[in-house]
Amino acid sequence: MNYLNAGYGLKSWLLTLDHKRVAWLYFISITGFFFLGGAAATLVRLELITPAGDLLSSDAYNQMFSLHGIVMVWFFLIPSIPATMGNFLLPLMLGARDMAFPRLNLMSWYVFILGGAFTLTAVIAGGIDTGWTFYTPYSTMFSNGAVLAAATGVFIVGFSSILTGINFIVTTHKMRAPGLTWFRLPLFVWAQYATSLIMVLATPVLSITLVLLGVERAFGIGIFDPALGGDPILFEHLFWFYSHPAVYIMLLPAMGVVSEAIACFAHKRIFGYKVMAFSILAIALFGFLVWGHHMFVSGQSIYAGVAFSLLSFLVSVPSALKIFNWLATLYKGHIRFDAPMLFALSFIGLFLIGGLTGVFVATLALDIQMHDTYFVVAHFHYIMVGGMVSAYMAGLHFWWPKITGRLYPEMWARVSAIIVFAGFNLTFFPQFILGWAGMPRRYHAYAEEFQLLNVFSSAGAGMLAVGYLLPLLYLIWSLRYGARAGGNPWDARGLEWTVASPPPKENFATVPRVDSEAYAYDTPQ
Amino acid sequence: MTRPNNQTTVIVAHQFETLEQQFDADLLGMWLFLVTEALLFSGAFLALAVYYHQYYDTFSAAARELHWLLAGFNSVILLTSGLAVALAEQAADQHRRRLTLWWLSATIALGVAFLGLKGYEYYMEYRAGLVPFLDQPFAFSGPDPHNAMLFYNFYFAITGLHALHMIIGLMVLLVMLVLTYRWREGARVARQVRIAGLYWAFVDIVWVLVYCSLYLLGR
Amino acid sequence: MTDDNETRVRHRFVGLYVLLLGLLGANMAGTLIDAGGLAIPIRLSVAAVMVVVIATSFMRLRQSSALVQVVAVMSLLWIMFLFVLTFADFLTR
Chain A
1 MNYLNAGYGL KSWLLTLDHK RVAWLYFISI TGFFFLGGAA ATLVRLELIT
51 PAGDLLSSDA YNQMFSLHGI VMVWFFLIPS IPATMGNFLL PLMLGARDMA
101 FPRLNLMSWY VFILGGAFTL TAVIAGGIDT GWTFYTPYST MFSNGAVLAA
151 ATGVFIVGFS SILTGINFIV TTHKMRAPGL TWFRLPLFVW AQYATSLIMV
201 LATPVLSITL VLLGVERAFG IGIFDPALGG DPILFEHLFW FYSHPAVYIM
251 LLPAMGVVSE AIACFAHKRI FGYKVMAFSI LAIALFGFLV WGHHMFVSGQ
301 SIYAGVAFSL LSFLVSVPSA LKIFNWLATL YKGHIRFDAP MLFALSFIGL
351 FLIGGLTGVF VATLALDIQM HDTYFVVAHF HYIMVGGMVS AYMAGLHFWW
401 PKITGRLYPE MWARVSAIIV FAGFNLTFFP QFILGWAGMP RRYHAYAEEF
451 QLLNVFSSAG AGMLAVGYLL PLLYLIWSLR YGARAGGNPW DARGLEWTVA
501 SPPPKENFAT VPRVDSEAYA YDTPQ
Chain B
1 MTRPNNQTTV IVAHQFETLE QQFDADLLGM WLFLVTEALL FSGAFLALAV
51 YYHQYYDTFS AAARELHWLL AGFNSVILLT SGLAVALAEQ AADQHRRRLT
101 LWWLSATIAL GVAFLGLKGY EYYMEYRAGL VPFLDQPFAF SGPDPHNAML
151 FYNFYFAITG LHALHMIIGL MVLLVMLVLT YRWREGARVA RQVRIAGLYW
201 AFVDIVWVLV YCSLYLLGR
Chain C
1 MTDDNETRVR HRFVGLYVLL LGLLGANMAG TLIDAGGLAI PIRLSVAAVM
51 VVVIATSFMR LRQSSALVQV VAVMSLLWIM FLFVLTFADF LTR
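Residue numbers (our numbering), protein chains in the order written: chain A, 1 to 525; chain B, 1 to 219; chain C, 1 to 93.
So that you can see chain A by itself, here it is in the shape it has in the complex (with noise of 0.2 Å):
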């Protein structure tokens, strides 16, 4: 008896309260939305294999890109891995039975499904083209598209990672196991928990951003309009309080996942445990303080915009002692590269260049030039995708034979990991150098001489593709036809592996008792 085959049909999956079944709808569901928002990536790509806007109008191009942030970053994203890997884990890492609030998690989702179906909406409705930023005073005066809807959608998406944020919050100060003590928790615990403060402490400021927004857009209560002596700065002051930080919701739990990939393939403690634990909570922390290097060509004051590039480079110390943290754990490690790993080890190749390009606009009087061009655009795709989707696939391969009891097949994902992260490079790699040259963002042209460098990124796209799209299918066949996964098929530490696979519908059947930290490789299970 586990919990996939505790209840069957559909009422008693849209009806659970259990925290892993609560998972799956999110599984499902994010990845409906990956493919979508990959989709509108593919028009994109597809656009730009030639300088002349001949595929896509510009109007239709302005909704692809739009399409593709909005998706990507509000229903993919942010949501990823806490809403999935998150849901089904923390209570299995702390020994708990189930979540703090089941009935709120379940909420969660619906409400999660309820803004998606704004966002789709708004798409039929007439497109979106303002970017995923939505800045004032184009999305209040004069875009044509459904902005109102989208950003309606956005709104209430946020309610979504409130709740959720907030359940973990309490689950992991509340329903730990006795004797987990907070330096015995596994860093994805960490990771999850400051994930959470951020989403709980930024994403009301979003909020109350999109309200004032969509009064604006419905009402004319013009509260950015600058016809009534209104600051579209500040919008962009308000939105980006929020929309800083989430970089770092997307990317603490992908670093979570990462340092728990790590030391179980290299068969070791994790190196400097304490200082990766406060340094995932220093990086939800400065996060908050550098939102302004988004506008250093806003027109904020050049004092202000001083301040913000300097408390931006505080963002990379936490980061660097993190990735030596984990070359560290690698050294002298029993290194065994099954999938999982390589994906892992593709987040610290990819993410350590996003980081290091990170400085480079982060750097006040070099934004001047890099603002706006493709250079910004491969920078936060290296942190996103080649960062945190990296993650999530490794996280996905990681604990796959714990969520459905069967193992994937192992070639197949390798060759899935080696092909993203060729792909990855070969379609952002190039856009580092359009950057560089001068290319500028969300355009359906360009000059000729960008030509050859933009086949090479639409190539790599089509990689991508076949990447991502090779996890879909033999992850699927695996739930058939898969072989049987022990309960620890890795040989890994922590609470989640000493249940069976798939876990039991009440996790543990009796509280366990932790006496030992998070990561004893040294002694045997």
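Be aware that one or more of the hints could be misleading.
Simulated DEER-style distance windows between Cβ atoms [what the hints assert, rightly or not]:
1. C/G37 / B/E121: 40 to 50 Å
2. B/E121 / C/R93: 31 to 41 Å
3. A/I113 / C/L91: 42 to 52 Å
4. C/T7 / A/F278: 41 to 51 Å
Residues on chain C that point at chain B, a partial pick, calculated with CB under 7 Å [said to hold, decoys possible]:
5. A47
6. V51
7. F90
Just so you know, these hints were derived from the structure itself, not from any lab. Here a beta-carbon is modelled for each residue, glycine too, at the ideal position from N, C-alpha and C.
Fit chains B and C to the supplied structure of chain A, relying on the hints for placement.
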């Protein structure tokens, strides 16, 4: 959490070990929710503060048109309802059902009175032509009517958002009234009333800041 | 809890309620006096005292666990980040 299950097992939700753990979790959850509410309002207050900084003279002329005495009386009503809910919490703690019902009803009545007066205030502003949206004529006679519009936009947006929270709070209190009326389990009702009371007190706090920043700062 | 204690707590709430009304009245009366540049800081401080009274007593923050107190203080800290860094821009333009 280390304690074995005792006689309270019947009413503890399945994911918890003890009622105490459940109550601690609920309380922490409510406080975290209030943090999100505080940050929600702080975004609007930040925007208001920025414009006060830029257009202080116009904003203060516009603020003088508001009915500050009426709203001050309304503040008294809301503060009284805050006292009433605190006394309801205390009565529930003492497991005194009738007294709890009485104070909860008083809280709700005062809350409804507040909303009624607020509605009347909106109506007077509508009559005076101070509603700068929905194609209403704007009859502000002071200097700089464009920037004054900005002030009234904030006035309606922020007080409207507060009123929305009042309505949500009233619905929560109504649920508490029903739960107190049924009185299934004394300890449980006391805790539910306390958590609901937190939300009502928070709505009070927001009003104190709304009143100060919209009605008094410009005077 | 004894009946005595109960009355004491009730009296405390009523006393604080009267204090809140007094502060509200003082803030309103203050608008009749021309306090010049001090007017805004004074009005905001009085409102802040009212907020602190409601939070510590009516929301029982003083009797709450350290964790809940940290959560409450955290919200203030983050609101401060929002205001300070945004005004870092608007005050230096």
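Outcome of the hint check:
For C/G37 and B/E121, the Cβ-Cβ distance of about 30 Å falls outside the hinted range of 40 to 50 Å, so the restraint is violated. For the hinted restraint 31 to 41 Å between B/E121 and C/R93, the CB-CB distance of approximately 36 Å keeps it satisfied. For A/I113 paired with C/L91, a C-beta distance near 43 Å keeps the hint of 42 to 52 Å intact. Look at C/T7 against A/F278: about 49 Å separates their beta carbons, and that is inside 41 to 51 Å.
Against a cut-off of 7 Å between C-beta atoms, the interface hint on C/A47 holds, since the closest Cβ of chain B lies about 4 Å away. Interface hint status for C/V51: upheld, as the beta-carbon distance to the closest one in chain B is roughly 5 Å, under 7 Å. For C/F90, the interface hint holds, since its Cβ comes within 7 Å of a Cβ in chain B; the closest pair sits about 5 Å apart.
When the structure is compared with the earlier hints, a violation turns up for hint 1 alone.
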